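Q: Sequence:
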Amino acid sequence: MSALDAFCVFLLSLLPYFEGRYALLIGIALGLSLRVAVATTLLGTLLLSIALPAALGRLDALLATTNVRPLRRLYDSVIDRARRETKRYARASLPALVAFVAVPLPGTGVWTGSLIAYLLGLPKRTAIPVLACGGVLSVAIVAIAYKLGAWTIEGFAFR
Numbered sequence: 001m002s003a004l005d006a007f008c009v010f011l012l013s014l015l016p017y018f019e020g021r022y023a024l025l026i027g028i029a030l031g032l033s034l035r036v037a038v039a040t041t042l043l044g045t046l047l048l049s050i051a052l053p054a055a056l057g058r059l060d061a062l063l064a065t066t067n068v069r070p071l072r073r074l075y076d077s078v079i080d081r082a083r084r085e086t087k088r089y090a091r092a093s094l095p096a097l098v099a100f101v102a103v104p105l106p107g108t109g110v111w112t113g114s115l116i117a118y119l120l121g122l123p124k125r126t127a128i129p130v131l132a133c134g135g136v137l138s139v140a141i142v143a144i145a146y147k148l149g150a151w152t153i154e155g156f157a158f159r
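Reading the sequence shown from the start, the letters are residues 1 to 159 in our numbering.
Be aware that one or more of the hints could be misleading.
[Said to hold, decoys possible] Using C-beta positions, here's what the derived DEER-type ranges look like:
{"no.": "1", "residue 1": "Pro123", "residue 2": "Leu148", "range": "35 to 43 Å"}
{"no.": "2", "residue 1": "Leu15", "residue 2": "Ala39", "range": "16 to 24 Å"}
{"no.": "3", "residue 1": "Phe7", "residue 2": "Lys147", "range": "19 to 27 Å"}
{"no.": "4", "residue 1": "Arg84", "residue 2": "Leu63", "range": "14 to 22 Å"}
{"no.": "5", "residue 1": "Arg125", "residue 2": "Gly31", "range": "33 to 41 Å"}
{"no.": "6", "residue 1": "Leu4", "residue 2": "Ala145", "range": "20 to 28 Å"}
{"no.": "7", "residue 1": "Pro123", "residue 2": "Val78", "range": "16 to 24 Å"}
{"no.": "8", "residue 1": "Tyr146", "residue 2": "Ile79", "range": "37 to 45 Å"}
{"no.": "9", "residue 1": "Arg73", "residue 2": "Ile141", "range": "38 to 46 Å"}
{"no.": "10", "residue 1": "Arg72", "residue 2": "Val36", "range": "14 to 22 Å"}
{"no.": "11", "residue 1": "Leu30", "residue 2": "Ile50", "range": "23 to 31 Å"}
{"no.": "12", "residue 1": "Ala29", "residue 2": "Cys133", "range": "20 to 28 Å"}
It is worth saying that the hints were derived from the structure and are not from the lab. Just so you know, these numbers come straight off a predicted model, no measurement behind them. C-beta atoms are modelled at their ideal positions from N, C-alpha and C, and glycine is treated no differently.
With these hints in hand, go ahead and build the complete structure from the sequences.
A: In C-alpha cells, the structure reads:
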C-alpha cells in the first residue's frame, strides 16, 4: 500500500459513473486495506456530494446566458422537458433519491443524483445530505458485499 495508490483511488472516486463504489474495489485490488479503501472513497464521495450541487447552479447560469443560439435552444428544451418530467416525482423525491444514489449500478450515483436533485429544485442544504447519505450507503453496500464474498470464498477454499 502506498500513498500514491490511495490518491489514485481518491481520484477514481471523483469520476462520473465510477465513483466510490467501484473505486473501492480498485483500491482493494491495488492492495489497500478495506479500511483505507473505504475511507479514501468516502472522502471522494463526500467531496462530490458538496461540490456538485454548488457547481450545477453555476453551470446552469452559464449555459442559460450563452449567445450561441443552437446551443441555447437545445439546452432550454432539454432542461424544460426534464423539469416537467421530474415534477411528477417531487413528493417521494428525498427517499427515492437516497435509494437511487445508493444502488451500486451504472448510471446511478452522486453525479446523476445531483443532476436529479437540481432538476427537482431541491435546495443545496437539502440535496447535500441526501447525496452524501446515498453515496455513503453505496460504498457500504459494496464493502459489505466484498467482505461477504471474501468470507464465503475463504470458507469454501478451506473445507
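Q: All hints are to be evaluated individually against the structure, with a verdict given for each.
A: Comparing the hints with the structure gives:
no., hint, verdict
1, Pro123 to Leu148: 35 to 43 Å, "37 Å, holds"
2, Leu15 to Ala39: 16 to 24 Å, "18 Å, holds"
3, Phe7 to Lys147: 19 to 27 Å, "24 Å, holds"
4, Arg84 to Leu63: 14 to 22 Å, "18 Å, holds"
5, Arg125 to Gly31: 33 to 41 Å, "39 Å, holds"
6, Leu4 to Ala145: 20 to 28 Å, "27 Å, holds"
7, Pro123 to Val78: 16 to 24 Å, "22 Å, holds"
8, Tyr146 to Ile79: 37 to 45 Å, "38 Å, holds"
9, Arg73 to Ile141: 38 to 46 Å, "41 Å, holds"
10, Arg72 to Val36: 14 to 22 Å, "46 Å, violated"
11, Leu30 to Ile50: 23 to 31 Å, "26 Å, holds"
12, Ala29 to Cys133: 20 to 28 Å, "27 Å, holds"
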